[in-house]
Amino acid sequence: MGSLKVSLVLSTFCFLSVSGFGVDPALRINIFEELKLGDTFAGVSQVHGSHNDSRAYLFQDSWRSVRASAEVAEEVFGRLRGRTEFTLLLTLKQERLNSGVLISIHYAEQRFLELESSGPRSELRLHYSTRDQRAHTEVFPYSLADDRWHKVSLGISASHLVLHVDCSKIYERVVESPSMDIPSGSTLWLGQRNKAHGFFKGIMQDVHVVLMPQGHISQCPDLNRTCPTCNDFHSLVQKIMELQDILAKTSSKLSRAEEKMKALDGCFCEKTCSLDGETYREDESWIDGCKNCTCSNGTVQCEAIFCPPPQCPPDTAPAYMPNACCKECQPVCLFRGRVYVEGERKSVRDVAGNCLLFECQDRSMRRVENAACPELNCPESEQITLTDRCCKVCRGHDFCAEGHRQECVENSDCVNLEAGACCSCRDGFRTLRDDSAYCQDIDECAEGKHYCRENTACVNTPGSFMCICHAGFIRIDDYSCTEHDECVSGQHGCDENALCFNTVGGHSCSCKPGYHGNGTVCKPLCDGLCQNGGSCVSPDTCVCQQGFTGKRCETDIDECANGFVECDSRATCINLPGWYHCECRDGYHDNGMFSANGESCEGKWAWLRHPRTNGVTVLYLQPEVFGHRECESGRHSCPNDTVCFNMDGGYDCRCPHGRNCSGDCSYDNKVKHNGQIWVLDSDR
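Letter by letter, the sequence shown follows residues -20 to -1, 1 to 664 in mature numbering (1 follows the signal peptide of the UniProt record, and there is no 0).
Quick caveat, the hints were computed from the structure, so don't treat them as lab data.
Among the hints, a few may not be true.
In silico DSBU-like links for lysine-lysine, alpha-carbon gap of 30 Å or less [said to hold, decoys possible]:
| no. | residue 1 | residue 2 |
| --- | --- | --- |
| 1 | Lys240 | Lys251 |
| 2 | Lys242 | Lys307 |
| 3 | Lys242 | Lys219 |
| 4 | Lys240 | Lys229 |
| 5 | Lys271 | Lys307 |
| 6 | Lys326 | Lys307 |
| 7 | Lys492 | Lys531 |
| 8 | Lys131 | Lys16 |
| 9 | Lys175 | Lys131 |
| 10 | Lys372 | Lys326 |
| 11 | Lys271 | Lys251 |
| 12 | Lys16 | Lys175 |
| 13 | Lys181 | Lys229 |
| 14 | Lys219 | Lys229 |
| 15 | Lys503 | Lys131 |
| 16 | Lys181 | Lys16 |
| 17 | Lys73 | Lys175 |
| 18 | Lys131 | Lys149 |
| 19 | Lys73 | Lys181 |
| 20 | Lys242 | Lys229 |
| 21 | Lys531 | Lys149 |
| 22 | Lys271 | Lys429 |
| 23 | Lys531 | Lys131 |
| 24 | Lys73 | Lys16 |
| 25 | Lys503 | Lys149 |
When you get a sec, could you build the whole thing from the sequences and use the hints?
See the structure below:
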């Protein structure tokens, strides 16, 4: 059971660490961003790249100096120093026959870590320093300098190197482990070895260092993944031990938490209510205006105060007092056949026509001093005589401004009348007092006084209500909604390779046959994974990388055997995974041009050591080891009595039929007899 858990954790950890584009940004070093390329370096210009997701730069001039500052270099080296696993990633388009350095870490005159592409030799070279401080070079025969875009990934895991080009694994080797103990004072160069050598010419894009050995998956997310490396395994074992320790501690904490929760189950947690900044306990009651409110299960519930009819004794009458919801018995005054409550005023005129003002005070009408009347700014026809004052007012006078507005307390507004003012409940509210000074909200939804139609839900609001459309429906007007067919309108999130099905109040997505996913994302299904970097582009259809074929891209194309490649007669075709190489045959060497089909292979002399010369180097003029077309070029040693015939890898001196030939040779304009041995001047 323990081994099963370890296997499960290992497989899960591996998948999470390399899945898709999911490379942790903390593990990625963007060289362009670190160098701030294009802003500070002459000889480098921004151009269009292989895609538009990142910047690309043209390296063209040979007088440039693209070197990181000491601070930037040390920051990069600090993240690389001591690492045994990392990946060099870059996308490039190198000029034909250019030989240049892609990225270089230098210390003094030592190439501590350098990646170089040689167009003339059709090679990719990794120069590095071993752990015992010896210089070492790994050569990968492959041509990048063809003026075409290539994705290059070189993964390093201790002594394990893996080279991917254009999402195809080209080489995998076990080598001496590179040392990443980068000395202080080292320099970081891009596109050159130093100020004077190794100038790369072409375009670079996406130059990254990923601090993990399988960083190639960020270039090629569909490439077959392998996991884990040996170094991964040791790290995973350590991680498992840490996880087991965390699991044990977490289990202990959970046990203690469960015990506390059991104890809490026996506790009573009192709920409270909040209203207007006040907090009330469960079942607590209070009066809010003209409502009796109670805190019930954390919710405030209010209802109007019931006012019983007051039973008032003689010389009293029911009347509202300030801040009171129910009428109370108040003393009254009897004046000229009418009853007046305490504080109420009445104006009368005497026989001389003078206005006298009386006020009910302590059960009797008492005269009060009448203030001087202000001058009115309206014609006499617009002046109004009031019963509670001696002074006239203009029609439209604002009685509310005289203090009546304060009498309208809750959800009520003061309204001016012809000869006074009153309170009126706002729309959506009903009165709690017969003078409308206090009003409460009408719940139109609960009382059925709304106009919401089908496919809607009524939501009460202060003084009104709203009709909310049910999920999957769209609004027609304020009160009506209709079903929304997202499939017809195109307002759905289904993948282009999915079918949309309209449902009541919504829709569903289902991937088409041959695709899999949740309907919003559908990917094609191929019968087995597409291998060697191939991509599954449609059901059961893989698009293979260059150099591979087969239904699953499982077969390497043998360019040599299938006749796709015609190497020069002086070269032999060597098949490589996804590629090929024309290698010079025995008796030939490359003249330095390194042509792709072997045309740069030339013949050479055979330097031999003869046992009778005491180790002195002598030259045997052996026709079979001379270069191709020696007869036409005159680079042969056939005597005049023979005929020169070109052969594969050399030539032959043939004696014409019927003629007796000596077999002598010509060297340095001198005749050498058949079988003669001589010492070169350089060996004397």
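Q. Are there hints from earlier that the structure breaks, and if so, what are their numbers?
A. Structure breaks hints 2, 3 and 13.
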